[in-house]
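> Chains A and B, in that order, are what the protein sequence lines are. First residue of the first sequence? That's 5 in the numbering used here, and the numbers climb one at a time after it. First residue of the second sequence? That's 23 in the numbering used here, and the numbers climb one at a time after it.
Hints are computed from structural coordinates only; laboratory data are not their basis. Keep in mind that this is a model prediction, so the values were computed, not measured. Each hint should be verified, as a subset may be incorrect.
Restricting the straight-line Cα-Cα distance to at most 27 Å, the calculated cross-link-like pairs of lysine-lysine (BS3-like) are [said to hold, decoys possible]:
{"#": "1", "chain 1": "A", "residue 1": "Lys61", "chain 2": "B", "residue 2": "Lys142"}
{"#": "2", "chain 1": "B", "residue 1": "Lys142", "chain 2": "B", "residue 2": "Lys200"}
{"#": "3", "chain 1": "A", "residue 1": "Lys79", "chain 2": "B", "residue 2": "Lys86"}
{"#": "4", "chain 1": "A", "residue 1": "Lys6", "chain 2": "B", "residue 2": "Lys200"}
{"#": "5", "chain 1": "A", "residue 1": "Lys71", "chain 2": "B", "residue 2": "Lys142"}
{"#": "6", "chain 1": "B", "residue 1": "Lys144", "chain 2": "A", "residue 2": "Lys76"}
{"#": "7", "chain 1": "B", "residue 1": "Lys203", "chain 2": "A", "residue 2": "Lys79"}
{"#": "8", "chain 1": "B", "residue 1": "Lys146", "chain 2": "A", "residue 2": "Lys71"}
{"#": "9", "chain 1": "B", "residue 1": "Lys200", "chain 2": "A", "residue 2": "Lys71"}
{"#": "10", "chain 1": "B", "residue 1": "Lys203", "chain 2": "B", "residue 2": "Lys142"}
{"#": "11", "chain 1": "B", "residue 1": "Lys203", "chain 2": "A", "residue 2": "Lys11"}
{"#": "12", "chain 1": "B", "residue 1": "Lys146", "chain 2": "B", "residue 2": "Lys203"}
{"#": "13", "chain 1": "B", "residue 1": "Lys88", "chain 2": "B", "residue 2": "Lys109"}
{"#": "14", "chain 1": "B", "residue 1": "Lys109", "chain 2": "B", "residue 2": "Lys33"}
{"#": "15", "chain 1": "A", "residue 1": "Lys76", "chain 2": "B", "residue 2": "Lys33"}
{"#": "16", "chain 1": "A", "residue 1": "Lys61", "chain 2": "B", "residue 2": "Lys88"}
{"#": "17", "chain 1": "B", "residue 1": "Lys144", "chain 2": "A", "residue 2": "Lys71"}
{"#": "18", "chain 1": "A", "residue 1": "Lys71", "chain 2": "B", "residue 2": "Lys49"}
{"#": "19", "chain 1": "A", "residue 1": "Lys11", "chain 2": "B", "residue 2": "Lys199"}
{"#": "20", "chain 1": "B", "residue 1": "Lys199", "chain 2": "A", "residue 2": "Lys79"}
{"#": "21", "chain 1": "A", "residue 1": "Lys61", "chain 2": "B", "residue 2": "Lys200"}
{"#": "22", "chain 1": "B", "residue 1": "Lys88", "chain 2": "A", "residue 2": "Lys11"}
{"#": "23", "chain 1": "A", "residue 1": "Lys6", "chain 2": "B", "residue 2": "Lys109"}
{"#": "24", "chain 1": "B", "residue 1": "Lys33", "chain 2": "B", "residue 2": "Lys88"}
{"#": "25", "chain 1": "B", "residue 1": "Lys49", "chain 2": "B", "residue 2": "Lys88"}
{"#": "26", "chain 1": "B", "residue 1": "Lys203", "chain 2": "A", "residue 2": "Lys71"}
{"#": "27", "chain 1": "B", "residue 1": "Lys142", "chain 2": "A", "residue 2": "Lys6"}
{"#": "28", "chain 1": "B", "residue 1": "Lys109", "chain 2": "B", "residue 2": "Lys86"}
{"#": "29", "chain 1": "B", "residue 1": "Lys199", "chain 2": "A", "residue 2": "Lys76"}
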Amino acid sequence: MKCRAIKRMLSAYIDDELTSTQGERVEEHLRDCPSCRHSLEMLRDAWDILDVLPHPKPAPHFYTRLKSRLLKEEKSKPHTWIENVLVPALAAGVVILGILVGNSISKNGIQRNASVTAEEAWAESMHLDSFDDFPTASFGEAYAELTDIELAMEGFKP
Amino acid sequence: MDDTELMLRVKQGDDQAFRQIVETYHKPILDLCFRYVGNQEDAEEVAQDVFIRLYKAAHRYQPKAKLSTLLYRIAVNLSLNRIRDRKAKRWVSWEHHRKEDEKRPLSSETSQPDTVLENKEKQKMIRDVIDSLPPNQRTAVILKRYHDLSYEEVADVMRCSVSAVEARLHRAKQNLKKRLKPFIP
Chain A
5 MKCRAIKRML SAYIDDELTS TQGERVEEHL RDCPSCRHSL EMLRDAWDIL DVLPHPKPAP
65 HFYTRLKSRL LKEEKSKPHT WIENVLVPAL AAGVVILGIL VGNSISKNGI QRNASVTAEE
125 AWAESMHLDS FDDFPTASFG EAYAELTDIE LAMEGFKP
Chain B
23 MDDTELMLRV KQGDDQAFRQ IVETYHKPIL DLCFRYVGNQ EDAEEVAQDV FIRLYKAAHR
83 YQPKAKLSTL LYRIAVNLSL NRIRDRKAKR WVSWEHHRKE DEKRPLSSET SQPDTVLENK
143 EKQKMIRDVI DSLPPNQRTA VILKRYHDLS YEEVADVMRC SVSAVEARLH RAKQNLKKRL
203 KPFIP
């Protein structure tokens with residue numbers, strides 16, 4: 005087998021991932037090929053040196069802290085039927101109630117305005133405005149005052 | 023009880039089964055996360071995220087893949103997310119590291135022997151070399167080298183073919199050989 009093909013297999017050879025037949029072919033070639041042996045050695049050294057890196061130390065109480073986080077997340081999660089159903093339903097109810105109350109208030113207001121207008125209209129038709137006071141500082145007011153004084157002199161209270 | 027049975031119990035709400043899973047896989051998952059994020063604190067946090075994700079998804083569990091494969095897959099994804107988030111906040115990290123560097127005593131001021139410091143420097147450089155690998159190669163290296171998964175298991179975690187794993191590891195080893203040459207005696 006040629007060196008190029010062998011060198012492509014060296015990585016899997018190091019990882020023990022070749023079939024037994026493939027492994028035997030590689031080993032047979034390595035016996036007679038110093039160049040491929042050198043390539044294998046370089047690859048192995050680069051792979052082995054990764055062991056230099058330390059492993060992390062598992063902290064104690066990992067599970068306790070994990071459980072605590074889960075509980076916290078559970079508490080902050082919205083309770084499904086309360087917040088997803090009841091709260092929106094209540095909010096909708098308040099809005100509907102507000103609309104109904106608002107409608108009721110505005111209707112009463114309209115009726116009161118209408119009745120005042122009708123009253124005024126009736127008074128006008130009966131010429132009851134004739135009995136209204138004279139506007140301030142008018143000749144009518146002055147005449148009425150004079151008339152009041154005359155009546156008072158005759159014993160009538162204004 | 024095997025992992026599938028345990029996980030089916032977790033699906034039913036069995037907390038003891040969940041605890042058993044956590045205790046079995048805490049160390050390898052922490053190790054995997056550590057290889058990506060590079061520090062204990064972040065690795066612990068991401069490892070917790072992995073188990074929280076598993077717990078929350080338990081109701082949808084189907085015993086199609088091995089539990090270890092699922093856990094590794096979640097761990098790889100969350101670790102990569104953490105690295106991406108960190109890169110996005112790089113200026114903060116740079117500031118943090120600059121301040122940390124200022125706090126760190128000079129080698130002449132420390133009581134640690136030179137060999138310990140040398141080892142730490144060496145470790146840092148080797149970690150940098152691994153971090154410099156393309157993501158797929160780095161993941162394949164971490165899963166194979168530090169967790170001794172078979173090519174088939176690595177392929178399951180990475181959702182690729184076995185030949186793709188083989189090619190990635192071959193290229194990764196070539197890259198490591200080149201970049202780690204100064205450190206090889």
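> Give a verdict on every hint.
Right, here's what the structure says about each hint:
| no. | hint | result |
| --- | --- | --- |
| 1 | A:Lys61 <-> B:Lys142 | holds, 17 Å |
| 2 | B:Lys142 <-> B:Lys200 | holds, 21 Å |
| 3 | A:Lys79 <-> B:Lys86 | violated, 32 Å |
| 4 | A:Lys6 <-> B:Lys200 | holds, 23 Å |
| 5 | A:Lys71 <-> B:Lys142 | violated, 35 Å |
| 6 | B:Lys144 <-> A:Lys76 | violated, 41 Å |
| 7 | B:Lys203 <-> A:Lys79 | violated, 53 Å |
| 8 | B:Lys146 <-> A:Lys71 | violated, 33 Å |
| 9 | B:Lys200 <-> A:Lys71 | violated, 45 Å |
| 10 | B:Lys203 <-> B:Lys142 | holds, 17 Å |
| 11 | B:Lys203 <-> A:Lys11 | holds, 18 Å |
| 12 | B:Lys146 <-> B:Lys203 | holds, 15 Å |
| 13 | B:Lys88 <-> B:Lys109 | violated, 32 Å |
| 14 | B:Lys109 <-> B:Lys33 | violated, 36 Å |
| 15 | A:Lys76 <-> B:Lys33 | holds, 20 Å |
| 16 | A:Lys61 <-> B:Lys88 | holds, 26 Å |
| 17 | B:Lys144 <-> A:Lys71 | violated, 37 Å |
| 18 | A:Lys71 <-> B:Lys49 | holds, 17 Å |
| 19 | A:Lys11 <-> B:Lys199 | holds, 13 Å |
| 20 | B:Lys199 <-> A:Lys79 | violated, 51 Å |
| 21 | A:Lys61 <-> B:Lys200 | violated, 31 Å |
| 22 | B:Lys88 <-> A:Lys11 | violated, 33 Å |
| 23 | A:Lys6 <-> B:Lys109 | violated, 44 Å |
| 24 | B:Lys33 <-> B:Lys88 | holds, 15 Å |
| 25 | B:Lys49 <-> B:Lys88 | holds, 17 Å |
| 26 | B:Lys203 <-> A:Lys71 | violated, 45 Å |
| 27 | B:Lys142 <-> A:Lys6 | violated, 41 Å |
| 28 | B:Lys109 <-> B:Lys86 | violated, 35 Å |
| 29 | B:Lys199 <-> A:Lys76 | violated, 47 Å |
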